Amino acid sequence: MENKLISFGDKAIDFTYQTPYGKTSTLEEKVQKADKTFLIFLRYYGCTICQLDIRAYRENYQKFLDKDAQILLVLQSAPATIAESITEEELRFEVACDPEGKLYDLYQVGAARSKLGLASIKTIRKIQAAKKLGLEHGAYEGNELQLPAVFLLDRGMNVVYAHRAKNAGDMPEIADLLAKL
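Numbering (UniProt numbering), first residue to last: 1 to 181.
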């Protein structure tokens, strides 16, 4: 029997995760630390589009905190890959390392059928912006065709917003995320 696609109004599924810095926690414990939690699925740390998004989340994280919100970012990267690239203090929010893609499967965050399926005008613009900032592609990890997604959860583990990307660049802008709070 196939799991029901998690969407607005559903209960989020709890899971245990490991951060790049050796901490272990559960989603349920995490959501108790703020009024709202963005559970964001990106591809992997070496992906330049993901680096661009992570940079935007880091630079704007205080705006989330000011609204009693937090981010839990899920990446297909191994803990060591992230820990070697960025310190916990620089990152500012927690990352759940999922190199085997189990959380992507649990939340039914799909993949594109081909590399062409990852592309869009927004994807191209993000790649150009990343290059302009000097961001370089790192190690390939996980499913190269993985699509991103974002779920907004309240303290009761209720999904109050869900977005599954149609391509690699199809993620809400920071202002759009903040407007959901």
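Errors might be hidden in some of the hints.
[Stated by the list, open to error] Think about it this way: if two alpha-carbon atoms lie no more than 30 Å apart in a straight line, the pair counts; the simulated DSS-like pairs of lysine-lysine are:
#	residue 1	residue 2
1	Lys102	Lys132
2	Lys63	Lys23
3	Lys180	Lys11
4	Lys36	Lys67
5	Lys180	Lys166
6	Lys132	Lys11
7	Lys115	Lys102
8	Lys102	Lys4
9	Lys33	Lys11
10	Lys33	Lys63
11	Lys166	Lys131
12	Lys115	Lys67
13	Lys30	Lys102
14	Lys11	Lys63
15	Lys36	Lys102
16	Lys180	Lys67
17	Lys132	Lys115
18	Lys132	Lys33
19	Lys166	Lys102
20	Lys63	Lys180
21	Lys166	Lys36
22	Lys115	Lys36
[Unchecked claim] Taking CB as the label site, the calculated pair distances span:
#	residue 1	residue 2	range
23	Gly134	Glu88	28 to 38 Å
24	Thr24	Glu90	19 to 29 Å
25	Lys132	Glu28	12 to 22 Å
26	Lys132	Ala175	14 to 24 Å
27	Glu100	Tyr21	18 to 28 Å
28	Gly117	Arg55	33 to 43 Å
29	Asp68	Ile124	29 to 39 Å
30	Arg155	Leu106	13 to 23 Å
31	Lys115	Leu181	30 to 40 Å
32	Lys115	Glu89	30 to 40 Å
33	Lys132	Ser7	31 to 41 Å
34	Asp68	Leu106	20 to 30 Å
Since the hints were derived computationally from the structure, they do not count as laboratory data.
It should be emphasised that the depicted structure is a prediction, and the values quoted were computed from it without experimental measurement.
Glycine residues also receive a C-beta, built at the ideal position from the N, C-alpha and C atoms.
Assessment of proposed distance window 18 to 28 Å (beta carbons of Glu100, Tyr21): holds (19 Å)
Pairwise hint evaluation, Lys166 against Lys180, where the allowed Cα distance is 30 Å at most: holds (20 Å)
Pair hint outcome, Lys132 versus Lys11 [Cα-Cα no greater than 30 Å]: At roughly 40 Å apart (the allowed maximum being 30 Å), Lys11 and Lys132 break the hint.
30 Å limit on alpha-carbon distance, applied to hinted pair Lys36 and Lys67: holds (9 Å)
Hint consistency between Lys11 and Lys63 [alpha-carbon to alpha-carbon, up to 30 Å]: Holds, at roughly 26 Å.
Satisfaction of hint between Lys11 and Lys180, Cα-Cα up to 30 Å: Distance ~18 Å between Lys180 and Lys11 Cα, so the pair holds.
Hint consistency between Lys63 and Lys180 [alpha-carbon to alpha-carbon, up to 30 Å]: holds (13 Å)
Whether the CB-CB distance between Asp68 and Leu106 falls inside 20 to 30 Å: holds (26 Å)
Given pair status - Lys63, Lys33, alpha carbons within 30 Å: At roughly 16 Å apart (the allowed maximum being 30 Å), Lys63 and Lys33 satisfy the hint.
Satisfaction of hint between Lys36 and Lys115, Cα-Cα up to 30 Å: violated (33 Å)
Pair hint Lys166 and Lys131, alpha-carbon separation not exceeding 30 Å: holds (23 Å)
Proposed proximity, Lys67 with Lys115 (alpha carbon, max 30 Å): violated (37 Å)
Hint violations for this structure: numbers 1, 6, 12, 18, 22, 23, 25 and 28, all remaining hints satisfied.
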